[in-house]
Each structure stands twice: as C-alpha cells, then as structure tokens.
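Chemist: For reference, the chains in residue letters:
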Amino acid sequence: MTLMNLARAVVVGALLLTAPAVLWARTPGARTPGAQTQSTKPPAAQEGFVPVDQLPGQEELPAAPLVAAAYGVAWGAVLIYLYSIRKRLAAVEREMTDVARRIESAGRR
Amino acid sequence: MKRLFPVLLILCIGLFAYAPFLIVAAPYESTMGLVQKIFYFHVPTAIAMFTAAFTCGIASAIFLFARRPGADRVGLAAAELAVLFGLIVLISGPLWARKAWGVWWQWDARLTSTLVMWLVFQAYLLLRRFGGPGSEKLSAAVAIFGAALVPFVYWSVNMWRTVHPTTNVLPTLDASMRGPFLWCTAAFLGLFVLLLTARVELESRRARLDELYLALED
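Just so you know, the sequences run in chain order A and B.
Each residue of the first sequence is one higher than the one before, starting from 123 at the first, in our numbering.
Each residue of the second sequence is one higher than the one before, starting from 23 at the first, in our numbering.
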C-alpha cells in the first residue's frame with residue numbers, strides 16, 4: 123500500500139515537473155534559441171491593434187446605410203416642412219373665407 | 023418675388039433632380055470612401071442654415087430699429103428655416119462622423135457651437151409661440167444674438183483644436199468635387215429662398231386675417 127502511494131506520488135510529481143516543459147516546447151518559436159528576435163511579430167506596443175484594411179468583414183461599419191440615412195433625413199425634413207406650410211396656409215385660407223363671410227353678413231344687417 | 027416664385031421653383035427642381043447624377047459621378051475621397059458623399063448635402067445645408075440665421079438677424083434688427091412689420095415676418099420665416107436646416111446638419115453630421123471618426127458625437131468647438139446656435143433659434147420660435155403679446159421684440163433681440171453666433175461657429179474650427187475639418191477644405195477642394203458641391207449649394211440656397219417666400223406669404227395672410235378680425239369687431 124505504501125509502495126503504491128509512493129508510485130502515485132512519483133507519477134504526479136513527474137507530471138507536474140514535466141508539464142511546464144512540454145507546454146513551453148509547444149509554444150511556436152520556443153524551441154530555437156533566438157527565435158523571438160527572428161520572428162515577424164509586431165512590437166509590443168502594436169500588438170493590440172489591427173490595421174483597418176485587415177479588419178474582418180463583420181467589424182467594418184457599412185457606409186451605404188449611413189449615406190442613405192443622411193439623404194433620407196434631409197429630404198424627409200424638407201417634405202414634412204413643406205407639408206406643414208401647406209396645411210397652415212389652407213387653415214388660414216379657410217378662416218379668412220369664414221371671417222369675410224361673417225363681415226359680409228354683418229354689413230347686410 | 024411672387025412672380026419669380028414659379029421660375030425659381032422650376033430651377034430648384036432641376037437643380038435637385040440633376041444633383042444625384044453629379045454626386046454619384048464625383049470621385050471617392052481617398053480615406054473616407056463612400057461616406058464622404060454626405061458632404062454634398064451636409065455642407066450646403068450648413069451654408070443654408072448660416073444664410074437663414076443671418077437673414078433672421080438682419081430682419082429682426084430692421085424690425086427692432088425701424089419698426090417694420092414686414093421685417094418681423096421675414097425674421098420669423100428665416101428662424102424656422104434656420105431650425106430646419108440646422109436639424110439636417112445636426113443629423114447628417116453625426117451619421118458621417120460615425121464612420122469617419124468612429125463616434126456619433128464629439129463635444130468639440132464646431133459641433134457644440136452649432137448645437138448652441140440651433141438652440142438659440144429654437145428659443146426664438148418657442149418665445150414667439152408661447153411668449154404672449156410683445157414677444158416679437160424680445161424674440162427679435164434673441165435672433166440678433168443667434169446671428170452673431172454665425173462667425174463664431176464658422177471660425178471655431180480655426181480657433182480651437184477640433185476633430186472637425188477646418189475652413190481650408192472648401193478652397194482646396196478638388197475640381198471634380200467642387201462642381202457637384204457648388205451645384206448642391208445653389209440648389210439648397212434656391213430651396214431656402216423658395217421656402218422663405220412661402221413662409222413669409224403665410225405670415226402675410228395671417229396678418230390680413232388679423233385685420234379682418236378687427237374689421238369684424240368694429
């Protein structure tokens with residue numbers, strides 16, 4: 123039983139000792155001494171950035187809907203304003219006709 | 023002006039009808055691409071907004087110092103147009119900025135001063151609507167301050183560091199882009215004159231209606 127425990131401890135200890143070495147060996151460029159100096163990795167300060175022309179398609183903001191929205195808003199606002207002028211003019215015209223009729227009927231009396 | 027109205031209307035329709043062809047044919051700007059096409063509506067509407075603000079300020083000053091009711095009508099009409107064109111500028115600008123700058127809005131000098139100027143003309147209209155008797159004089163004074171903001175808004179990009187392009191862009195514009203830009207500017211200025219004429223006519227009819235009501239009371 124003690125021998126069994128001893129064997130287990132040796133296996134676990136061996137795994138713990140060798141695991142970092144195995145992981146390090148799997149890292150690209152780790153096996154060759156001086157590999158880091160020869161790689162084309164960007165400087166540390168640029169690691170977090172991706173040039174705009176290398177962005178994946180889904181991350182690029184499409185311009186067409188923005189252009190269409192801008193032109194749509196311009197035309198929408200002008201048309202709504204035109205409609206409001208027309209509506210207000212019609213209301214004033216109606217009121218003028220009504221008041222003129224009342225003045226006329228008051229003059230007859 | 024009423025005689026010129028149909029001629030100007032036809033001219034304006036022609037200008038706006040041909041504008042899309044010129045805008046599509048204009049070359050893409052090298053860094054911004056398609057989204058730069060907003061420029062052909064954004065800047066002309068800003069010019070129309072400045073024109074409306076100046077018209078409102080000058081008409082209001084004439085009303086205040088020379089007591090001409092006609093000038094007050096022009097001032098009111100121009101204030102509404104300053105708000106209308108300002109709204110287009112303040113919406114089309116962020117749509118362009120979202121793609122070009124990566125943000126919808128920046129509290130920089132140009133954008134903030136434009137918003138403040140737009141709010142001044144909104145204040146003018148609110149004062150006219152809810153100010154009661156005598157609000158014409160008070161709102162005319164507000165309009166003069168609103169018009170005085172125009173040079174500040176225009177020069178803000180040169181005086182302070184902003185993300186917005188400076189006033190150097192238009193004089194150095196490539197000839198292939200200048201043509202469509204001037205075309206659209208002419209179209210929007212024509213539209214400004216048309217809308218101003220229609221809106222002044224509405225105010226003139228309202229003044230006539232008030233006279234009719236007075237005649238009815240007599």
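No lab work stands behind these hints, which were simulated from the structure alone.
The reader is advised that the hints may include incorrect statements.
In silico DMTMM-like links for lysine to aspartate or glutamate, alpha-carbon gap of 25 Å or less [said to hold, decoys possible]:
(1) Lys24/B <-> Glu182/A
(2) Lys121/B <-> Glu225/B
(3) Lys209/A <-> Asp196/B
(4) Lys24/B <-> Glu217/A
(5) Lys121/B <-> Glu217/A
Pulled from the structure, derived: some chain B residues nowhere near chain A, Cβ distances all over 12 Å [what the hints assert, rightly or not]:
(6) Ile45
(7) Gly55
(8) His64
(9) Val111
(10) Ser114
(11) Ala131
(12) Thr134
For each label pair, taking beta carbons as the anchor points, the in silico distance ranges come out as [to be verified]:
(13) Gln176/A <-> Phe152/B: 51 to 61 Å
(14) Glu182/A <-> Arg25/B: 45 to 55 Å
(15) Gly198/A <-> Trp126/B: 52 to 62 Å
(16) Ser52/B <-> Leu201/A: 29 to 39 Å
(17) Arg25/B <-> Glu215/A: 15 to 25 Å
(18) Leu204/B <-> Leu201/A: 21 to 31 Å
(19) Leu183/A <-> Asp130/B: 13 to 23 Å
(20) Leu183/A <-> Leu195/B: 47 to 57 Å
(21) Tyr205/A <-> Asp130/B: 31 to 41 Å
(22) Arg208/A <-> Leu204/B: 23 to 33 Å
(23) Trp126/B <-> Glu217/A: 19 to 29 Å
(24) Glu215/A <-> Thr134/B: 40 to 50 Å
(25) Arg208/A <-> Leu211/B: 17 to 27 Å
(26) Leu211/B <-> Gly198/A: 18 to 28 Å
Source: prediction; values computed, not measured.
Where is the CB? At the ideal position from N, CA and C, for every residue including glycine.
Chemist: Compare the structure with each hint and give your call.
Modeler: Verification of the supplied hints:
Between Lys24/B and Glu182/A the alpha-carbon distance is near 50 Å, which puts this suggested pair outside the 25 Å criterion. For a cut-off of 25 Å, the pair hint linking Lys121/B to Glu225/B is broken: about 41 Å separates their Cα positions. Straight-line distance between C-alpha atoms of Lys209/A and Asp196/B comes to about 43 Å, which puts the hinted pair past the 25 Å bound. Taking the CA atoms of Lys24/B and Glu217/A, the gap is about 22 Å. The hint holds against a cut of 25 Å.
Between Lys121/B and Glu217/A the CA atoms are separated by roughly 49 Å; this puts the pair beyond 25 Å, and the hint is violated. The non-interface label for Ile45/B is inconsistent with chain A: the shortest C-beta to C-beta separation is roughly 9 Å, within 12 Å. Its closest Cβ contact with chain A, about 6 Å, brings Gly55/B to no more than 12 Å, contrary to its assignment away from the interface. For His64/B, the requirement that its beta carbon stay farther than 12 Å from each beta carbon of chain A is not met, with the minimum near 7 Å.
The Cβ of Val111/B does not lie farther than 12 Å from every Cβ of chain A; its closest approach is about 9 Å, which violates its non-interface assignment. With a closest Cβ-Cβ approach of about 4 Å to chain A, Ser114/B is found to fall inside the 12 Å limit, against its non-interface label. Look at Ala131/B: its CB is around 22 Å from the nearest CB on chain A, clear of 12 Å, so calling it non-interface holds up. Here Thr134/B stays apart from chain A, with its beta-carbon at least about 20 Å from theirs, past the 12 Å limit.
Distance hint check for Gln176/A and Phe152/B: the Cβ-Cβ separation is about 56 Å, which falls inside the suggested range of 51 to 61 Å. Distance hint for Glu182/A and Arg25/B: a CB-CB separation of about 53 Å, consistent with the stated range 45 to 55 Å. Checking the proposed 52 to 62 Å range against Gly198/A and Trp126/B shows it is violated: the Cβ atoms sit about 19 Å from each other. At roughly 34 Å, the beta-carbon separation of Ser52/B and Leu201/A lies within the given 29 to 39 Å, and the hint holds.
The hinted range of 15 to 25 Å is satisfied by Arg25/B and Glu215/A, whose Cβ atoms lie roughly 21 Å apart. Leu204/B and Leu201/A have their C-beta atoms about 24 Å apart, which keeps the hinted 21 to 31 Å range intact. Checked against the hint of 13 to 23 Å, the pair Leu183/A and Asp130/B passes, with Cβ atoms roughly 21 Å apart. Remark: the range hint 47 to 57 Å for Leu183/A to Leu195/B is contradicted by a beta-carbon distance near 25 Å.
For the pair Tyr205/A and Asp130/B, the supplied restraint of 31 to 41 Å holds, since their beta-carbon distance comes to about 35 Å. At about 30 Å, the CB distance of Arg208/A to Leu204/B agrees with the hint of 23 to 33 Å. Distance hint for Trp126/B and Glu217/A: a CB-CB separation of about 43 Å, inconsistent with the stated range 19 to 29 Å. Taking the beta carbon of each, Glu215/A and Thr134/B are about 42 Å apart, inside 40 to 50 Å as hinted.
Take Arg208/A and Leu211/B: their Cβ atoms lie about 22 Å apart, and the range 17 to 27 Å holds. Judged by the Cβ atoms, the range 18 to 28 Å given for Leu211/B and Gly198/A holds: they are separated by roughly 20 Å.
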